[in-house]
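Protein chains in written order, with the numbering used here: chain H, 6 to 509; chain U, 6 to 509; chain L, 6 to 509; chain R, 6 to 509.
Worth double-checking, as some hints may not be accurate.
Since the list can't tell identical chains apart, any single copy or any two copies may satisfy a pair.
Here are the simulated DSBU-like cross-link-like pairs (lysine-lysine), alpha carbons at most 35 Å apart as the crow flies [to be verified]:
no.	residue 1	residue 2
1	LYS301	LYS155
2	LYS155	LYS196
3	LYS244	LYS155
4	LYS244	LYS196
5	LYS294	LYS244
6	LYS196	LYS301
7	LYS301	LYS324
Just so you know, the hints here were simulated from the structure itself, not pulled from any lab data.
There are 4 protein chains.
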Amino acid sequence: MALSITLGARTWIERLWSGIADRGRPYADVPGAATPPLDRARLLALALLSERGEASGAAVARELLQVLATLEAGDRAAFRHFLAGNFLPDQATLRAAAEAYLAEPSPERAMALFECAEPPRQELLRRMNMAPGGTAALVALRTELLGGLKRDPALKPLDSDLRHLFASWFNRGFLELRRIDWDTPAAILEKLIRYEAVHEIQGWEDLRRRLAPDRRCFGFFHRALPGEPLIFVEVALVKGLAGAIQPLLALSREAAPQPPPGFDTAIFYSISNCQEGLRGVSFGNFLIKQVVEELKAELPDLRHFSTLSPVPGFCRWLKRRLDRDGNAFTPEERGALAALLPPAQEEREAEAGPPSAAALVEQVTQGEWWRDPAREAALRGPLMRLAAEYLTRPNTGMGAIDPVARFHLGNGARLERINWLGNTAPRGLEESHGMMVNYLYDPDSIEANHEAFTRSGTVARSAAVEAMLAQPRLPAPAGARSRLPRLLGGGEAAASGARENAPS
Amino acid sequence: MALSITLGARTWIERLWSGIADRGRPYADVPGAATPPLDRARLLALALLSERGEASGAAVARELLQVLATLEAGDRAAFRHFLAGNFLPDQATLRAAAEAYLAEPSPERAMALFECAEPPRQELLRRMNMAPGGTAALVALRTELLGGLKRDPALKPLDSDLRHLFASWFNRGFLELRRIDWDTPAAILEKLIRYEAVHEIQGWEDLRRRLAPDRRCFGFFHRALPGEPLIFVEVALVKGLAGAIQPLLALSREAAPQPPPGFDTAIFYSISNCQEGLRGVSFGNFLIKQVVEELKAELPDLRHFSTLSPVPGFCRWLKRRLDRDGNAFTPEERGALAALLPPAQEEREAEAGPPSAAALVEQVTQGEWWRDPAREAALRGPLMRLAAEYLTRPNTGMGAIDPVARFHLGNGARLERINWLGNTAPRGLEESHGMMVNYLYDPDSIEANHEAFTRSGTVARSAAVEAMLAQPRLPAPAGARSRLPRLLGGGEAAASGARENAPS
Amino acid sequence: MALSITLGARTWIERLWSGIADRGRPYADVPGAATPPLDRARLLALALLSERGEASGAAVARELLQVLATLEAGDRAAFRHFLAGNFLPDQATLRAAAEAYLAEPSPERAMALFECAEPPRQELLRRMNMAPGGTAALVALRTELLGGLKRDPALKPLDSDLRHLFASWFNRGFLELRRIDWDTPAAILEKLIRYEAVHEIQGWEDLRRRLAPDRRCFGFFHRALPGEPLIFVEVALVKGLAGAIQPLLALSREAAPQPPPGFDTAIFYSISNCQEGLRGVSFGNFLIKQVVEELKAELPDLRHFSTLSPVPGFCRWLKRRLDRDGNAFTPEERGALAALLPPAQEEREAEAGPPSAAALVEQVTQGEWWRDPAREAALRGPLMRLAAEYLTRPNTGMGAIDPVARFHLGNGARLERINWLGNTAPRGLEESHGMMVNYLYDPDSIEANHEAFTRSGTVARSAAVEAMLAQPRLPAPAGARSRLPRLLGGGEAAASGARENAPS
Amino acid sequence: MALSITLGARTWIERLWSGIADRGRPYADVPGAATPPLDRARLLALALLSERGEASGAAVARELLQVLATLEAGDRAAFRHFLAGNFLPDQATLRAAAEAYLAEPSPERAMALFECAEPPRQELLRRMNMAPGGTAALVALRTELLGGLKRDPALKPLDSDLRHLFASWFNRGFLELRRIDWDTPAAILEKLIRYEAVHEIQGWEDLRRRLAPDRRCFGFFHRALPGEPLIFVEVALVKGLAGAIQPLLALSREAAPQPPPGFDTAIFYSISNCQEGLRGVSFGNFLIKQVVEELKAELPDLRHFSTLSPVPGFCRWLKRRLDRDGNAFTPEERGALAALLPPAQEEREAEAGPPSAAALVEQVTQGEWWRDPAREAALRGPLMRLAAEYLTRPNTGMGAIDPVARFHLGNGARLERINWLGNTAPRGLEESHGMMVNYLYDPDSIEANHEAFTRSGTVARSAAVEAMLAQPRLPAPAGARSRLPRLLGGGEAAASGARENAPS
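Please build the complete structure, drawing on both the sequences and the hints.
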């Protein structure tokens with residue numbers, strides 16, 4: 006392979022070289038300081054693929070990275086285009102291999118075809134990686150590239166090659182799981198504050214609370230990106246499933262809170278990818294499952310492993326759902342909601358006709374509706390039922406599945422509980438009327454759940470969630486709400502039977 | 006890409022599965038303990054590529070490795086064939102992509118063709134790597150495979166995929182250079198003793214001497230193979246170029262010898278690859294150049310960096326050379342050599358005609374000829390001249406270039422000096438009549454040397470070596486030998502002018 | 006020694022024991038859970054000195070520390086009195102040894118006397134130290150003790166023993182110097198914020214700035230107090246002597262400021278002891294000198310090592326000085342200051358007589374006087390001259406020497422420069438009218454400076470400071486102030502000639 | 006304290022100084038290169054106690070250590086005498102403090118007396134410790150000193166001060182327990198080979214076997230002696246009490262033997278102090294007990310912790326015992342032994358009278374008697390009974406207790422089993438006729454055992470040992486021997502009931 010690529014490459018390398026470098030300069034000469042930086046970068050990239058690159062080890066790669074670091078934004082974009090538009094497989098060779106394969110599709114010829122088809126760009130990127138800091142530079146290259154990919158599909162081949170290499174390099178077998186706590190260097194902790202994507206960290210006090218003895222935090226690291234978490238997950242040790250996020254995020258009055266007596270559950274309440282440039286390389290599934298193993302070994306009393314997750318797509322879906330189906334609410338539900346509108350509004354309605362279901366919900370959920378017992382009670386039943394519908398409908402039609410649901414269900418988790426008023430922060434109310442979800446990771450059923458979900462879109466769910474789907478469309482009995490939060494430490498369970506259906 | 010592979014793969018995976026597993030068992034079920042181990046290994050490999058593999062994190066990979074570890078040799082061979090003979094790209098898809106490319110050879114279609122052509126086997130191997138110890142298991146797999154590759158070319162596709170992955174995974178950017186000394190864990194030091202391939206380490210005392218303060222040892226390590234050096238190099242700090250190996254290997258009477266006063270040269274006297282399974286993945290070039298940088302930083306007084314290397318192919322080549330060319334020796338040389346034969350032999354010769362040049366050399370180099378001043382003096386001139394010829398002739402015709410020469414010249418080193426009686430151990434005498442060579446690594450000329458060698462086979466050489474080629478075919482002046490060893494600490498320089506031609 | 010102590014000790018141990026423990030319980034029995042905690046602590050302390058303590062390794066010590074940790078404040082105080090009031094050397098033995106020494110004061114008898122005189126309390130404290138966390142517990146014990154020592158001199162023997170042990174245990178040879186930077190664990194960094202005693206750290210942003218690449222921070226650690234700095238020093242890398250603290254403390258707009266071009270000076274701008282319980286054990290002198298060595302090795306360009314220090318005793322001294330000596334100001338100075346008072350005040354003065362010099366200074370330095378060019382100019386000359394007097398007068402009479410001056414001069418530093426308006430924070434103005442001082446650590450003169458200071462109280466000083474003492478009592482030339490801050494990066498030099506007198 | 010010492014010290018320091026240094030040279034001047042090294046060392050020691058020592062931090066200490074390292078043996082001895090003969094407490098001050106105490110023996114005056122009595126030598130040694138490598142130099146100083154202490158009692162005060170300081174510095178709380186295994190740096194492992202004092206390590210292969218997975222090795226380290234074990238213990242994991250050492254020391258044919266199935270016992274078969282200079286500072290007791298805790302935590306299946314120990318004093322004692330008491334053997338025993346002598350010898354006896362008991366034993370144990378079933382059987386009963394007597398007799402009269410017994414019994418261990426033919430190496434046969442002993446460390450009885458042993462010399466023992474003492478003086482039943490070794494894995498138990506009396 007190497008030979009054919011190199012021989013094939015030489016021709017176009019020389020052509021490109023002479024197109025960039027001054028005439029009369031010897032081939033493969035070091036581009037002088039007078040050469041414009043962008044041209045130097047291009048020539049160094051060519052040199053790196055040539056014999057010079059082979060001989061000089063990482064020296065040319067290092068020089069190339071240094072030049073790249075000095076390029077201005079426009080030149081960097083031009084260099085990305087240079088990479089994306091060149092370094093293709095040799096056309097004649099590939100054509101011959103394709104014809105040979107078509108003539109006789111043997112394993113040997115398939116292999117030969119594969120080897121000819123690999124673009125020399127991949128070898129170039131591998132050689133750039135040899136310099137100190139090479140991996141970080143390539144990840145940064147892709148970060149910038151992804152920003153413009155949609156506008157500029159010509160960059161796709163470069164993106165594809167980078168993703169291919171990263172998927173191989175950042176293979177699970179090369180990642181190191183590290184516990185992150187208050188003894189971790191500040192330079193790494195600082196990055197948690199920057200990268201946290203689910204529940205913003207408000208500063209060092211907030212961070213400290215998330216690393217207290219009743220919490221755990223783990224991240225994947227790769228030795229070529231020292232000091233850089235690739236992904237991290239935050240875990241709370243609690244008793245029973247946690248149904249609401251605000252109590253978990255509240256700053257503790259104690260200096261270093263201990264796990265509660267009788268704690269039996271690890272709640273994964275935040276998981277954040279850190280490296281935009283590694284988009285598409287999957288870490289989360291491995292991280293959660295590895296952390297489950299670590300926690301089991303450290304804390305044998307833990308019996309349940311569950312997320313407390315947002316439902317980012319619910320409100321968007323609900324609006325479309327209500328618009329489409331006038332009977333999404335039962336008449337009783339509709340009546341109860343309409344009764345909450347001010348009289349003046351009723352008059353206006355008399356003129357304009359009754360509001361649509363979507364409009365009704367919008368009006369009822371103005372302001373801090375969840376602090377108003379009447380509105381909260383009227384909304385709870387129908388919204389939770391529709392959330393159950395949203396999260397369990399087959400993975401087809403009517404818009405994509407909720408992205409967080411897809412991630413955890415695809416990992417083999419089970420939809421365990423839907424929590425009313427689990428997140429009363431503005432974003433939670435806006436996205437999902439404050440609902441949060443527990444996805445349960447039960448090692449014994451992960452494979453079956455995953456397979457059912459992948460093959461047929463079937464969503465594994467607890468009996469409590471199942472019951473919500475089947476239940477007569479009636480509001481939940483009064484009083485239920487006041488009883489449950491005590492048990493759950495905040496928020497409210499999917500149904501009064503939630504406790505019985507807790508994972509065992 | 007992932008989708009088309011998976012979809013395409015499913016068909017043949019299912020077919021293979023049903024061929025191995027009991028009828029009636031549900032697809033992707035865990036193979037039971039009753040299944041024969043080889044079948045379990047096959048089924049787990051298939052499961053690893055299926056959805057189960059995606060869901061279960063590294064669990065299926067771990068199980069597969071455990072089963073593999075229990076297989077007997079025959080079953081392991083069968084499993085390698087199973088891997089090599091299956092997991093091909095989907096034929097229909099690849100055919101379509103090949104046709105599409107031929108119809109319009111655009112960059113996008115080249116990329117699509119490349120993605121279809123990647124055999125699912127590579128993905129399988131990447132997933133096997135996710136388990137703890139996965140990389141070591143794959144390296145071991147290739148070690149076994151290489152043993153039978155020549156006999157069994159059907160294994161080539163598997164070998165090709167493994168080499169391709171290893172070249173990417175063991176990229177220079179992912180290697181860690183570590184100094185190895187007497188503070189290194191014994192578990193690693195023990196491996197030096199096992200892996201040393203050039204000058205055998207005779208036990209812990211010998212090892213200790215090679216790690217004394219006047220020596221350096223460095224190795225590359227990879228975090229997925231903890232405690233395993235990939236390659237290591239042994240270095241002696243000396244004054245002037247060292248020309249003979251025995252003084253360097255001699256056990257010192259001092260507990261921990263210090264570098265000699267005025268030391269200015271680092272002699273790389275042994276470099277050993279450790280992992281047979283990584284054959285074809287190149288480390289040596291990077292290692293030498295990195296170690297030069299490390300040594301420069303630690304010891305600013307060092308001015309020369311050179312090997313002291315064997316010439317493994319010289320005697321083999323010499324025999325052919327003498328057989329082919331009756332005039333390889335001058336008449337004087339020939340006369341001087343013939344005069345060394347015992348009289349009885351001369352008589353026999355009178356009958357049979359004079360011996361051939363090759364036979365003459367063979368007879369003169371019987372026993373410990375190098376301790377006999379007459380024989381040593383007569384051989385020195387002609388053999389050194391022919392060694393210079395052997396090492397500098399263009400890289401074509403008459404047998405391959407010496408492998409050690411090819412490695413260092415290919416790295417851009419210069420043929421600096423040929424040392425007479427540099428290695429009087431049996432192997433040294435047998436391979437090269439005791440000659441050793443200094444290849445000099447001069448950072449300023451490495452790239453040019455490499456390029457000249459790669460492009461035209463030109464061997465960079467010192468003026469002293471050049472002079473040997475041009476010199477009249479006369480024996481060296483008497484007395485030269487007795488003077489030099491004192492300067493060089495043993496062995497003898499290429500010519501009396503060697504000192505003047507030492508690197509500067 | 007051990008025998009006599011043990012035998013002597015047994016008697017009073019048994020007496021004490023029977024006074025605390027229930028009658029009828031066997032000697033050395035484990036105090037039961039029913040025993041009040043304070044009694045358990047006392048009995049465990051006795052047991053620790055008995056054979057049980059010898060046999061059980063660290064077990065009794067561990068138990069004692071556990072009980073101590075549960076004691077309430079009152080009981081802890083009682084336990085300290087128990088330690089201080091008992092565990093004395095055996096009276097009969099000591100008396101005999103004293104008499105023997107007086108009879109014949111031989112070295113042997115002096116040694117015997119010393120051994121008898123060592124209170125068993127020291128052995129008890131050494132045994133308490135054997136438990137995990139023992140050292141920390143003993144340091145905490147002394148911290149509490151020091152709080153009440155003045156009120157309660159009966160605790161002095163315990164304090165004396167603890168200090169004696171700590172001085173031996175925290176010997177320089179057992180301390181580890183560690184660089185502290187942004188890669189240090191947050192749990193340690195947090196303690197810098199807590200312990201900083203000179204210029205308060207305002208939070209993590211402020212801390213981060215003090216650990217940026219143009220700064221250095223080092224601390225001493227001891228392995229028995231893991232994660233606990235004993236003392237730390239903060240250093241700024243600057244060009245020329247820094248004369249003012251506010252520019253050094255200002256938050257930088259750059260993410261991580263680099264040392265300024267041409268930096269040649271390390272300014273030690275803050276040094277804080279961390280462990281109150283180690284009061285009287287000296288670390289600062291060693292720390293500064295060791296850090297000078299470290300910095301020299303890391304940054305060969307550094308040529309000067311100096312503090313930027315407060316003058317905490319100046320204003321207090323100045324008031325007494327002015328009260329005592331009506332002619333502390335020249336008539337011109339006095340006139341210039343008086344002219345700054347408002348006319349109304351002059352009238353009042355006409356009645357009451359002119360204000361005293363001290364009152365004059367007090368009135369002129371109301372409010373933000375240092376922003377008022379007239380007041381600032383009038384004060385500068387006389388106050389700087391008097392500061393020079395304050396810092397250089399012999400170490401006798403009229404109150405103690407300034408404590409910061411005593412520390413650095415005692416270490417052998419030289420009084421290099423007095424900086425006008427070096428610290429305009431409230432505390433700096435209140436303590437020293439804003440003046441700060443550079444004490445220069447010049448390795449070549451440290452020993453001589455120290456000896457002169459220790460023997461005769463002579464203060465080593467630069468020519469610039471010397472000149473201030475000798476100068477005619479005239480205000481500094483107008484305009485000087487506006488010129489200097491530019492050179493010095495803030496603040497103002499001791500005299501216009503300061504630049505010339507900078508360390509060379 | 007510091008003040009009085011310093012003031013008191015100055016006088017004699019000055020006197021000493023002027024006795025050594027050239028007249029006319031300023032006090033405390035740096036001794037020039039022309040000064041003889043011994044005088045330089047003396048002057049630097051004096052300087053170190055003077056102000057120079059206070060000011061210059063560790064610089065003078067470092068210089069002193071450097072000079073000491075260059076001294077020849079005679080000068081080093083002279084320097085030790087210089088230290089031992091000077092640096093005494095000031096006589097007048099101490100006299101006054103002694104008189105004051107005698108006048109009123111209050112706690113305050115006792116404290117004052119103690120402080121005056123501390124010889125300035127201790128402060129000098131503490132200051133020597135401040136230099137890098139100071140602790141190692143002081144330990145080496147005492148090592149040399151101990152070699153000559155008996156001949157030269159004038160060195161005692163220096164020895165006493167060093168021991169006093171070391172006991173404080175090497176307090177258990179400052180030691181670090183480290184596991185030593187095949188991943189330990191070779192530089193440390195090499196020291197195990199050198200320091201092993203009980204069963205010599207025959208080289209790296211032997212060492213490797215002692216660090217295999219069925220073994221454990223732990224040592225104490227102190228951070229001021231990096232890379233130097235202070236003491237280490239070797240442990241074998243076995244099933245049941247091991248009674249013989251040879252099987253434990255045998256090189257294994259397996260690469261890395263695993264613990265035997267069902268292992269339940271940790272055998273401490275070798276414990277070696279490493280630093281002669283720390284003689285008298287006790288580590289062994291702490292080490293054994295800490296290692297018991299470590300092993301319990303790592304291997305919860307372990308139920309017994311026992312030594313396998315030599316009995317170095319048995320043969321010496323036995324000879325005296327037999328000489329003194331003609332009836333040490335029963336007539337039957339005596340007859341059985343006599344019957345083993347060759348007939349010729351009997352004749353000689355007829356003339357000379359029967360041999361003494363001691364002579365009889367000596368004659369019967371000629372050669373490899375233990376391989377001769379008749380002799381072995383006749384000796385077994387009486388020797389084991391007498392060994393039990395030797396090891397259990399009260400700690401008084403007839404020579405000292407066996408030193409190994411005293412150590413373990415003093416630690417609170419129990420004499421568990423006496424093993425016949427436990428060590429058939431020459432040294433074992435010579436010291437104890439091949440017997441070895443198990444001392445059992447049972448955490449529940451350690452304190453009581455220790456106290457009984459310390460107070461009254463009572464030796465805790467198992468029922469099996471007790472039975473041996475009481476048994477009729479009869480040889481053990483034939484056949485017993487052939488049965489037991491199988492159970493015990495080599496060697497033979499104290500009695501046939503040994504298994505029942507195994508620790509439970």
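At most 35 Å between alpha carbons: which applies to LYS196 and LYS301, within, between, both or neither? Result: close both inside a copy and across copies, 27 Å intra and 32 Å inter.
At most 35 Å between CA atoms: does that hold for LYS301 and LYS324 within a copy, between copies, both, or neither? neither (42 Å within a copy, 63 Å between copies)
Under a CA distance limit of 35 Å, which applies to LYS244 and LYS196: within one copy, between copies, both, or neither? Both ways: LYS244 and LYS196 sit 30 Å apart in one copy and 32 Å across, limit 35 Å.
For the identical chains here, do LYS294 and LYS244 meet the 35 Å Cα criterion within one copy, between copies, both, or neither? Within one copy only: 20 Å inside a chain, 38 Å across chains, cut-off 35 Å.
Using 35 Å as the alpha carbon limit, work out where LYS244 and LYS155 are close: within a copy, between copies, both or neither. Neither way: LYS244 and LYS155 sit 46 Å apart in one copy and 50 Å across, limit 35 Å.
What label fits LYS155 with LYS196 when the C-alpha limit is 35 Å: within, between, both, or neither? For LYS155 and LYS196, the Cα distance is within 35 Å only inside one copy (28 Å; across copies 48 Å).
When Cα atoms must be at most 35 Å apart, do LYS301 and LYS155 count as within-copy, between-copy, both, or neither? neither (43 Å within a copy, 48 Å between copies)
Hint check: violations occur at hints 1, 3 and 7; the rest are consistent with the structure.
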